[in-house]
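Student: Given the coordinates of chain A, assemble chain B onto it according to the supplied hints.
Residue numbers (the UniProt record's numbering), protein chains in the order written: chain A, 1 to 484; chain B, 1 to 484.
These are computed hints drawn from the structure, not numbers from a lab.
Given the structure is predicted, the values throughout are model-derived calculations rather than measurements.
Check before you lean on any hint, since a few could be wrong.
Given that identical chains are not distinguished, each listed pair holds provided it fits within a single copy or across any two copies.
[Claimed, not checked] Dumping the calculated BS3-like pairs for lysine-lysine here, alpha-carbon to alpha-carbon at most 30 angstroms:
| no. | residue 1 | residue 2 |
| --- | --- | --- |
| 1 | LYS219 | LYS329 |
| 2 | LYS418 | LYS40 |
| 3 | LYS44 | LYS219 |
| 4 | LYS45 | LYS329 |
| 5 | LYS329 | LYS416 |
| 6 | LYS40 | LYS128 |
| 7 | LYS466 | LYS476 |
| 8 | LYS64 | LYS364 |
| 9 | LYS92 | LYS64 |
| 10 | LYS40 | LYS64 |
2 protein chains.
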Amino acid sequence: MENSHHVLTLATINPNVVQMQYAVRGPIVIRSQELEKELKEGQKKNFDHVVKCNIGDCHATGQKPITFFRQVIALCSYPALLDDPNFPEDAKDRARDILAGCAGASVGSYSNSIGVPIIRERIAAYIKRRDGLDANPNNIFVSNGASEAIKALLLLCTSQSGPDPVGVMVPCPQYPLYSATISEYNAYRIDYYLDESNNWNLDEAVLEDTLAREKANCKPRAFAVLNPGNPTGQVLSRQCMEGIIRFVKRHGLILLADEVYQFNVYNPDATPWMSFKKVLHEMGPEYADSVELASFMSASKGYMGECGFRGGYCELINFDPDVQAQLFKYLSARLCPAVLGQVMIGVICDPPREGEPSYETFVKERDSVLADLKVKARLTTDTLNALEGVTCNEVQGAMYAFPQIRLPPKAIAAAKEKGMEPDFFYCLNLLEEKGICFVPGSGFGQQPGTYHFRTTILPSVPVMRKVMADLGDFHKDFLARYSS
Amino acid sequence: MENSHHVLTLATINPNVVQMQYAVRGPIVIRSQELEKELKEGQKKNFDHVVKCNIGDCHATGQKPITFFRQVIALCSYPALLDDPNFPEDAKDRARDILAGCAGASVGSYSNSIGVPIIRERIAAYIKRRDGLDANPNNIFVSNGASEAIKALLLLCTSQSGPDPVGVMVPCPQYPLYSATISEYNAYRIDYYLDESNNWNLDEAVLEDTLAREKANCKPRAFAVLNPGNPTGQVLSRQCMEGIIRFVKRHGLILLADEVYQFNVYNPDATPWMSFKKVLHEMGPEYADSVELASFMSASKGYMGECGFRGGYCELINFDPDVQAQLFKYLSARLCPAVLGQVMIGVICDPPREGEPSYETFVKERDSVLADLKVKARLTTDTLNALEGVTCNEVQGAMYAFPQIRLPPKAIAAAKEKGMEPDFFYCLNLLEEKGICFVPGSGFGQQPGTYHFRTTILPSVPVMRKVMADLGDFHKDFLARYSS
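If we strip away everything but chain A, and leave its shape as in the complex, we get (with noise of 0.2 angstroms):
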């Protein structure tokens, strides 16, 4: 009993957080850490690094940062440098407005819990140019990262106490903080499956299934959908989000709009990506006054990938006054959100205009990541269908691929026998042989029976090509290693 003279240990500490998972960051990539680790002290393997395809880490793939936006971070950070010449004028403006807006004109001041209030402006004219629509700086919060957000509006609708727990429906398969967050709140997951032979659309048939099996163990009180998808690269057709829409009004329940890749859509004419906002508008009255509404975005996607900035905001739409106040209040307790974060989003919505001096670079750099990411997503869907037996839905958006691979049953047995599901196993292999980071299925959930793995499309054009040619040789090996 080696530990047995600690307070904490796994029998004492919250239950939640031993159940909580999040794959993005699990198993597989801690074994693809420590492959790394025997790389560099020279054990030889069949490749030289691992390709970490497992998170949406734009600039860890060798993206190049906006210069634009850094050059706003670096002047408000070091003010000395607004008399450098080197400095365009249009980002020493922006830097000077936003220092003008923080206390003692300094970024190392605290900000309003909710945000620099310039900073929110600066959002709420973004919106209202992508919709066409008004949006309130007071009912906008900025936030570290969309994560911090997204919990954020989980704990106000969810709740400890009373006898039911707060039900929350999500996507399945999804994006592992939902799941994780509600297993932290004690509350109750309800899966409602993404239809896989309809480009992972859903409609309200389904939902209402869904909800009318749930609602015996649960009070439902709040529905998550993501779009662009992840982990399934879909962009939702307008007829899907009106079918969300009207179940959400028709069951009393608060619309969770994660929208932090709404800048990655690579077919925007043949799928075009619509906020929940501007189609809860367009649906008249009795939706765009009454469905309570919070929209998520981020700094860390997009074509600017900054996710380590932290930088992320949320719009609450229809929202009780009162219960935004006390939303407001619990964000208080954390002072504020980092402020070059802050900084980051609000010039993010505020890029360089037509005419202004850095305007053309701008440009040139965010459509040229656009333009390979579209590219990217095009091979990846492509080399993907062309193996033998996976099939993969087109990546309209986002920056993910998430195949159905169809294992043979040996591969399964397998993989049961070690203790791992199938796809689990599938994906360490790949490692291991490959040096190719996936994350499997299981850790964003799935159809019972079927097994995927989900890559990002974000390594370099050559290395993508790589990766998609070395998963095609092992795919060949592992089915015929696993042949009856």
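Tutor: Frame of chain A; chain B shown alone:
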């Protein structure tokens, strides 16, 4: 029933959120913001701006950032500056080291969930220099301010399930992050009173009595202590620290040591500050090898006051490795702390060394801030004690004075008539009449029937003199108004 159509109302949201209070940004502060708005709109008052003595926000009151730290931040944000001859080589060295530790050499990539390894190494080296004891970087995690780390530790200790709530012992008065978080987690708060007559120290007998009285109501699991104290400004005696360590060992409690003001000690010869880690070590293996201690530090306080960066860290000592792994897994769901906040706390732990080009400027800037704080600590203590019916322990550390004010019965009656706490009423009147924003003692907790307020000592020396003079005038008037 205007709000009856809302799904989320005060009746349906998480009751723990409704219950939590955070006085540092509470109603008095909200009123001060309204006053500022009214002044801006041209309304006439007895003052032309509000002096915010409510929050330890150094830069907001005019303190300037330490040049070296901001240079490193600018270099990391915009690495093109590494070629700029105006930046010193030591700042460039720090930035190059840190960027080499970031994926893709970008602060825009995610870091490890517990922080960039090289930054954790710098923190460990600082702790070793401070205490003369080894520190293991693998037992250190970086956080969004100390607040996030404190909340994570409390989450680990508490639990929403089981019949008895988990008990957390907190000082009274205390910094309200603790009470707010305990409310949020629906845990049980055990207040232990600090002894105002003994310079806010405490003794084991009081702790024993408190625990004996409260342990039927909960499962006591953790003990929080702040040193230097907030709101109380004391530096704990070594004897008192040893008493705490014996107490937590005897009763099987985790020790949460909030040491964020470790640089803010104004008379270290008379009242030396020591870390709990060092005291624990010096008490011998019976304690050093078993007491589970978490120590918290922040970039927001000290001489740097970089609140907006939200940089902090926690060192874990004697924790069960399995528990530590669970905590780190939990932290992975928020991905990582803001990377520039990590850079800030990392460079604070690795400032210019003797012989480096920035050393002299750094020392001058640091010592100037600390010398000013020392003057203001003295000034505040002395002025407060000169007021009729006011007594104040010496401000030995941190950034606050917490004087006791003896209010006339008529003032107490007048407050109660308005449904206000008497010290809230006092602070509100001071704000309306003089434009000075303090936080009432009731926001921190105090012995029943006693009244206090907390003021920071952060405004510049001339402003602080004016604040104390205005307070003196107000106080005299207030006593006269409510004398029989």
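Student: Looking back at the numbered hints, which does the structure fail to meet, lowest number first?
Tutor: 3
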